[in-house]
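Undergrad: Since the structure of chain A is already known, use the hints to place chain B on it.
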Amino acid sequence: MTILHPALSFTYYIAMILLTCFVRNPVVTLSALVGGLCHWAFFTTAKEKREDLGFYLPLAALVTLANPVFSHNGKTPLFFLNGNAVTKEAFVFGACSAALVVAVLIWSKGYSKTVTSDKFLYLFGSVLPKTALILSVALRYLPMLRTEAHKLKDAQKSVGLYSKGSLTDNFLSSCKIYYALAGRTLENAVGTADSMRGRGWGQRGRVPFARYRFRKRDAVAAVPLALCLSLVLAAAGSGALTFSFYPGLTLPPLSPLALTGYAAFGLLAMFPTILQTEVDLRWRFLQSRL
Amino acid sequence: MAFLTVEALSFTYPNKSAPALKNVGFTLEPGSLTLLLGATGSGKSTLLRLLKPELAPFGKQSGRIRYDGLPGDPTPGDVGFVQQDPNAGIVTDKVYAELAFAPENAGLTKNEVRLRVGETASYFGLRALFDRNVESLSGGEKQLLSLAAVAAADPKLLLLDEPTAMLDPIAAERFFDTLQRLRRELGLTVLLAEHRFAGIFQRADRVLALENGALTVNDDPAEAAKKLGKTALAGGLPAETRLWMGLGEPGPGPRSLSDGKALLQSRETAPLPQPTPEKAAAPLLTAKALTFYYAKNTPPAVDDVTLDIFPGRHLCILGENGAGKSTLLKLFAGLLPPFSGKVRFRDKDLKTYKRGSLYVNGVALLPQDPGALFLKDSVKADLLDAFPGKKDEAGAAIAALSDRFGITRLWDAHPLDLSGGEKQKCALVKLLLRSPAVLLLDEPTKGLDADGKRTLRETVGSLTAQGKAVVTVTHDVEFAADAADECAFLFRGQLLTRDAPRPFFAKNRFYVPAAGRLLPGALTVEEILTACGKEVAG
Numbered sequence: 196m197t198i199l200h201p202a203l204s205f206t207y208y209i210a211m212i213l214l215t216c217f218v219r220n221p222v223v224t225l226s227a228l229v230g231g232l233c234h235w236a237f238f239t240t241a242k243e244k245r246e247d248l249g250f251y252l253p254l255a256a257l258v259t260l261a262n263p264v265f266s267h268n269g270k271t272p273l274f275f276l277n278g279n280a281v282t283k284e285a286f287v288f289g290a291c292s293a294a295l296v297v298a299v300l301i302w303s304k305g306y307s308k309t310v311t312s313d314k315f316l317y318l319f320g321s322v323l324p325k326t327a328l329i330l331s332v333a334l335r336y337l338p339m340l341r342t343e344a345h346k347l348k349d350a351q352k353s354v355g356l357y358s359k360g361s362l363t364d365n366f367l368s369s370c371k372i373y374y375a376l377a378g379r380t381l382e383n384a385v386g387t388a389d390s391m392r393g394r395g396w397g398q399r400g401r402v403p404f405a406r407y408r409f410r411k412r413d414a415v416a417a418v419p420l421a422l423c424l425s426l427v428l429a430a431a432g433s434g435a436l437t438f439s440f441y442p443g444l445t446l447p448p449l450s451p452l453a454l455t456g457y458a459a460f461g462l463l464a465m466f467p468t469i470l471q472t473e474v475d476l477r478w479r480f481l482q483s484r485l
Numbered sequence: 037m038a039f040l041t042v043e044a045l046s047f048t049y050p051n052k053s054a055p056a057l058k059n060v061g062f063t064l065e066p067g068s069l070t071l072l073l074g075a076t077g078s079g080k081s082t083l084l085r086l087l088k089p090e091l092a093p094f095g096k097q098s099g100r101i102r103y104d105g106l107p108g109d110p111t112p113g114d115v116g117f118v119q120q121d122p123n124a125g126i127v128t129d130k131v132y133a134e135l136a137f138a139p140e141n142a143g144l145t146k147n148e149v150r151l152r153v154g155e156t157a158s159y160f161g162l163r164a165l166f167d168r169n170v171e172s173l174s175g176g177e178k179q180l181l182s183l184a185a186v187a188a189a190d191p192k193l194l195l196l197d198e199p200t201a202m203l204d205p206i207a208a209e210r211f212f213d214t215l216q217r218l219r220r221e222l223g224l225t226v227l228l229a230e231h232r233f234a235g236i237f238q239r240a241d242r243v244l245a246l247e248n249g250a251l252t253v254n255d256d257p258a259e260a261a262k263k264l265g266k267t268a269l270a271g272g273l274p275a276e277t278r279l280w281m282g283l284g285e286p287g288p289g290p291r292s293l294s295d296g297k298a299l300l301q302s303r304e305t306a307p308l309p310q311p312t313p314e315k316a317a318a319p320l321l322t323a324k325a326l327t328f329y330y331a332k333n334t335p336p337a338v339d340d341v342t343l344d345i346f347p348g349r350h351l352c353i354l355g356e357n358g359a360g361k362s363t364l365l366k367l368f369a370g371l372l373p374p375f376s377g378k379v380r381f382r383d384k385d386l387k388t389y390k391r392g393s394l395y396v397n398g399v400a401l402l403p404q405d406p407g408a409l410f411l412k413d414s415v416k417a418d419l420l421d422a423f424p425g426k427k428d429e430a431g432a433a434i435a436a437l438s439d440r441f442g443i444t445r446l447w448d449a450h451p452l453d454l455s456g457g458e459k460q461k462c463a464l465v466k467l468l469l470r471s472p473a474v475l476l477l478d479e480p481t482k483g484l485d486a487d488g489k490r491t492l493r494e495t496v497g498s499l500t501a502q503g504k505a506v507v508t509v510t511h512d513v514e515f516a517a518d519a520a521d522e523c524a525f526l527f528r529g530q531l532l533t534r535d536a537p538r539p540f541f542a543k544n545r546f547y548v549p550a551a552g553r554l555l556p557g558a559l560t561v562e563e564i565l566t567a568c569g570k571e572v573a574g
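Chains A and B, in that order, give the protein sequences. Going by the working numbering, the first residue of the first sequence is number 196, and it counts up by one from there. Going by the working numbering, the first residue of the second sequence is number 37, and it counts up by one from there.
The shape of chain A in the complex, shown without the other chains (with noise of 0.2 Å):
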């Protein structure tokens, strides 16, 4: 997915998780456990892997018990605790709500990993520079705020000025650090200041430095994307994928509008692991090649 320009990464992502939560539908939400999984599979070490699996396991294993032990709603009881029902209906919910929880949590951790800050500044600095610059002039400032302060704690520390360790010094020591630092923060921005006009800024409009371009590769996925995802709307909007849990499971019918839109959904999720086949297939050729 890195190879793809961040536009359509990051729309990409944010339809995968916008759709997980709002379909809730076990087919659609299985489909994405699934693609979510293949895709997980290529972009994490071994190591991150047995990390992942020892926190979603539990975590799964968790919410499908939670929900039937908690909730008695349901017309199949499968045994009694405490006098109350559990439903197969409330454990299939559980289940499902697992699948949803992992399956969010796998493709965030794919957005992390393909739409960096960078990027994200990059996408929305296009839309709003001045707003971009900003907030890479804070993050800028930020750091250096910390290591400054960190100076001017140890230089005092060093001369055994507010070192007792005891409350009131500390106090004392952060408040006068804190004044200090904003004193020399000031003088900084002076230069700061200079050193913006000093190079053009506020002369003429400005032009952000593009550093991704929208390649004809990013054209030929987007097509695809775009229908799949227009065709998953369009089902999920006519209510084609509506799944009743409560009280007895009742799966929408299989109408050719939801057929089409489980396929479609099914592509989209396993939009990423294509991808990434279709890069190691031509990774491979070329290399028998070489």
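Keep in mind that a hint or two might mislead.
Coverage of chain B stretches by chain A, computed from C-beta distances (three or more under 8 Å per stretch; other residues unrestricted) [unchecked claim]:
1. 42–53
2. 123–135
3. 257–264
4. 395–401
Don't read these hints as lab results, they were simulated from the structure. In this text, all values refer to a predicted model and were calculated from it rather than measured experimentally. Think of the CB as a built atom: it goes at the ideal place given N, C-alpha and C, for glycine as much as any other residue.
TA: Below, chain B without anything else, positioned relative to chain A:
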């Protein structure tokens, strides 16, 4: 035709009676490198800022500035300005964003911006740093980025206001090399204000010097050297030039170190005095097998260092960036806990000093940025804050020390308004008010001109004469050769050698002061002159 002509330029700041610039006139030839010298407050910054319309200060101005080399009035892109503190000069958080800043403002198309950024990054060798956060760069890298970010606007004239003041000598030398390349390859006209100018002096086409706002020198380097030789700036001249002037040789001055060597070939030189080993007293501070890591699975920052620090001695620890010098000082000052090994002060482990007792008549550290020691609105308030004894005794103690360092006139100044050298002195006074037995100085010559370095050397000398131990970590070979009683060399956290300066530098091949290159074994130019039978003042 000259690129820039300045005629009878005078300038007075509002609410000031004395003018900052008095009747200054000079020209800059296209593609030339002009060096602008002068003490702090001589008007260098005012002059530079007047030449950059967007940064020109408000005040009363007379005289003319003509940009004959430009088709019209200068645009922001035409005149590039690099300031002293790279932290202030850099605007954004990422290297690529900083490089893109000027092109983004220049009214180019999207593709032109992209090309300009890529081209600039390639020319300045910043490709490896392109995606990095600015905060993770070293000082030298930051200043190189500032220069590249200014050059990305395609300037015709480059103004630099003490760009190497915050850099160590090696980074400063690299910066000068890049500057030289810009001028040679791109034909940029450069006006460079510097106070540590030995490295670039011979490469300049012209040298200007300001004194109290008036232009006193406007000559080529050889002629300028003669005039500067009688001023406070003389100590900053290259070693071979100082040697040539000290010997009183006729003819044109030397253009390089090898010219300087030739001057000595025909002369008899007396053997240099050898150090007499002194019997050392018991050490004040000892480090035993000291090791420190900043993070797991990384190489150690300090690796198995065993070192004794004696009273009445000045030890200089030399080494490149990242050799572990500052870390070692922080370990000595108890700011970092050792991973293994021990630091003992007066025969007690540092760990046993609780609640700041280590710093009462004990250890004191002068940080790399001495300004960090000041938290108040005036120097005096900060000094009062530091005095450990009774408040009614503070006045006399502060007055005595301030007098000795000549900072009494700075008492009411805001610490942020001090120059590099002034900050250094005020910080030392603050340190000394705590009456430490061991002084640890981290890169104290950073930002100091020749005069400032001389004062520092004298100060350290008087401290060791009082029986205090001084440890300096520095890149500055010249300072170590001049001021140290002992030198040590640190590499990748390991202490490789420790010796008196003369044998220490005699063993080295690269870490040698300029004087040692003129005459093997020599530490200072004054020493060579003495060996040649010349009387040397001071």
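Undergrad: For each hint, tell me whether it holds in the structure or not.
TA: Hints and how they fare:
Counting residues of the segment 42–53 of chain B whose CB lies closer than 8 Å to any CB of chain A gives 0, which falls below the minimum of 3, so the coverage claim is violated. Counting residues of the segment 123–135 of chain B whose C-beta lies closer than 8 Å to any C-beta of chain A gives 10; at least three are required, and the coverage claim holds. Under the rule that three or more residues need a Cβ within less than 8 Å of chain A, the assignment of the segment 257–264 of chain B is violated, with 0 such residues. By the rule of at least three residues with a Cβ nearer than 8 Å to a Cβ of chain A, the coverage given for the segment 395–401 of chain B holds, with 6 such residues.
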